[in-house]
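There are 2 protein chains.
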Amino acid sequence: MQHKRGKTEGREEPVVVVREATAGDLSLILTFIKELAEFERLSHAVVATEEALYESLFGDRSYAHALIGEYGGEPVGFAVYFYNFSTFQGRHGLYIEDIYIQPEKRGLGIGKMLLEHCARIAVSAGCARMEFAVLEWNPARRFYEAIGAEGLDDWIIYRLSSEKLKALAGI
Amino acid sequence: MQHKRGKTEGREEPVVVVREATAGDLSLILTFIKELAEFERLSHAVVATEEALYESLFGDRSYAHALIGEYGGEPVGFAVYFYNFSTFQGRHGLYIEDIYIQPEKRGLGIGKMLLEHCARIAVSAGCARMEFAVLEWNPARRFYEAIGAEGLDDWIIYRLSSEKLKALAGI
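Protein chains in written order, with the numbering used here: chain A, 1 to 171; chain B, 1 to 171.
Derived from the structure by calculation, the hints contain no laboratory data.
Among the clues, some could well be false.
[Claimed, not checked] No more than 25 Å apart at the CA atoms, straight line, and that leaves these computed lysine to aspartate or glutamate pairs for DMTMM-like:
hint: 1; chain 1: A; residue 1: Lys34; chain 2: A; residue 2: Glu104
hint: 2; chain 1: A; residue 1: Lys112; chain 2: B; residue 2: Glu13
hint: 3; chain 1: B; residue 1: Lys164; chain 2: A; residue 2: Asp153
hint: 4; chain 1: B; residue 1: Lys34; chain 2: A; residue 2: Glu116
hint: 5; chain 1: B; residue 1: Lys166; chain 2: A; residue 2: Glu116
[Claimed, not checked] Just so you have them, the derived chain B footprint on chain A, three or more residues with Cβ under 8 Å:
hint: 6; segment: 30-44
hint: 7; segment: 74-87
hint: 8; segment: 94-101
hint: 9; segment: 118-128
hint: 10; segment: 164-171
[Claimed, not checked] Partner residues aside, some chain B positions facing chain A, computed with beta carbon under 8 Å:
hint: 11; residue: Ala37
hint: 12; residue: Phe39
hint: 13; residue: Ala52
hint: 14; residue: Gln102
hint: 15; residue: Leu115
hint: 16; residue: Ala128
hint: 17; residue: Glu131
hint: 18; residue: Glu136
hint: 19; residue: Phe143
hint: 20; residue: Leu160
hint: 21; residue: Lys164
hint: 22; residue: Leu165
hint: 23; residue: Ala169
hint: 24; residue: Ile171
The model shown is predicted, which means the values in this text are computed figures rather than measured ones.
For glycine and all other residues, C-beta sits at the position ideal for the given N, C-alpha and C.
Take the sequences, apply the hints, and build the full model.
Here it is, written out as structure tokens:
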């Protein structure tokens, strides 16, 4: 599935394309993940490798999916999503784990095209909703709210990591 | 996989069991989902049916899983989880969508046994972390923090629901 936009009213403008990622994009995806982590001031949290991403995105038991956003033939951003599940809805939803556009290519509508693409995938897959987590200080919140996303301010994500998780498991 | 506790120091106390749910538990699970929604003041949000839950939990393409907590042979709570994915980790994690113990059976350690069971599943599956979302006013937050869970206060979950999702998808 591809989604294109370009050449409007006789004026040549670089074509924007959203396409599914392939295994050939792994190095690029890891670069984008690191750039996003840097923007989120979370570089220390990145331990992903190309091998691990291959398994998760393209391996036999993969269940996460990546999209690449291109501008004038150059990849400039990406999105990674998977399906989550709502007991209240009794059905799955689409969860966007990451969405990122390189700083110099923001404001050109590429992020919106990635989100639109995700929304079409979600609707096609029978999802009732699409969700993602955003850092409180991220100015993109205004953009997400403008396209109709609602911030669930009354929910807090809790996380049990590595050692604490093992301790609870008694391992 | 089952997890039991009972009969300590000569004193008979009801046995606590955590077991995997089966299709025979669907009506019970839907009841628990509705009770949880009532506790969370979100009853209006429950549209799940037994049929939809069957597909998600036990159907050919199921990817969510349910556990039942029993006290003295009686089911008194449940947990539903699925696997999410972290690009920073490059691997999946375990996400607990729901965890619920009936009010009169709280404080008996059944919820902790459900969480421990989830933690063992997570570690066995190679997950680096386990996550769940908690309502800000839920007193269980203290319990989650006591077992080592960290509240990610700087993240906000955003949600695009039904009509807004379709609008973005252009459908």
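- [ ] Closer than 8 Å between Cβ atoms is the bar; does Leu165 (chain B) clear it against chain A? Give me holds or violated.
- [x] With Cβ-Cβ at 5 Å, under 8 Å, it holds.
Open item on the list: Just to be careful: measuring from the Cβ of Glu131 (chain B) to every Cβ in chain A, is the smallest value less than 8 Å?
Closed with: Since chain A brings a Cβ to about 5 Å from Glu131 (chain B), closer than 8 Å, the hint holds.
Open item on the list: A closest beta-carbon separation below 8 Å is what the hint needs, so does Leu160 (chain B) meet it against chain A?
Closed with: Leu160 (chain B) check passes; min Cβ-Cβ to chain A is 5 Å, inside 8 Å.
TODO: Assess, step by step, whether the Cα of Lys166 (chain B) is no farther than 25 Å from the Cα of Glu116 (chain A), and give holds or violated.
DONE: holds (9 Å)
Task: Hint status (Cβ of Lys164 (chain B) to nearest Cβ of chain A, threshold 8 Å) - done: holds (3 Å)
TODO: Quick one: see if chain B covers the segment 118-128 of chain A, three-plus residues with Cβ-Cβ under 8 Å.
DONE: holds (count 6)
Task: Stated coverage of the segment 94-101 of chain A by chain B [criterion: 3+ residues, CB within 8 Å] - done: holds (count 3)
TODO: Confirm or reject the coverage of the segment 164-171 of chain A by chain B under the rule of 3 or more residues with a beta carbon closer than 8 Å to the chain's beta carbons.
DONE: Held - the segment 164-171 of chain A has 8 residues with a Cβ nearer than 8 Å to chain B, which meets the minimum of three.
Open item on the list: Just to be careful, I want the Cα atoms of Lys34 (chain A) and Glu104 (chain A) compared with a cutoff of 25 Å; is the pair within it?
Closed with: This hinted pair holds, its Cα atoms lying about 16 Å apart.
Task: Evaluation of the interface hint that places Glu136 (chain B) against chain A, nearest CB under 8 Å - done: Holds - the Cβ of Glu136 (chain B) comes within 8 Å of chain A, reaching about 5 Å at its closest.
Open item on the list: Holds or violated: the hint that Ala169 (chain B) contacts chain A, with Cβ atoms closer than 8 Å.
Closed with: Nearest chain A Cβ about 4 Å off; hint holds.
Open item on the list: For a C-alpha distance cap of 25 Å, please report whether Lys112 (chain A) and Glu13 (chain B) respect it.
Closed with: Distance ~58 Å between Lys112 (chain A) and Glu13 (chain B) Cα, so the pair is violated.
Hint compliance for this structure: hints 2, 4, 12, 14 and 19 are broken, all remaining hints hold.
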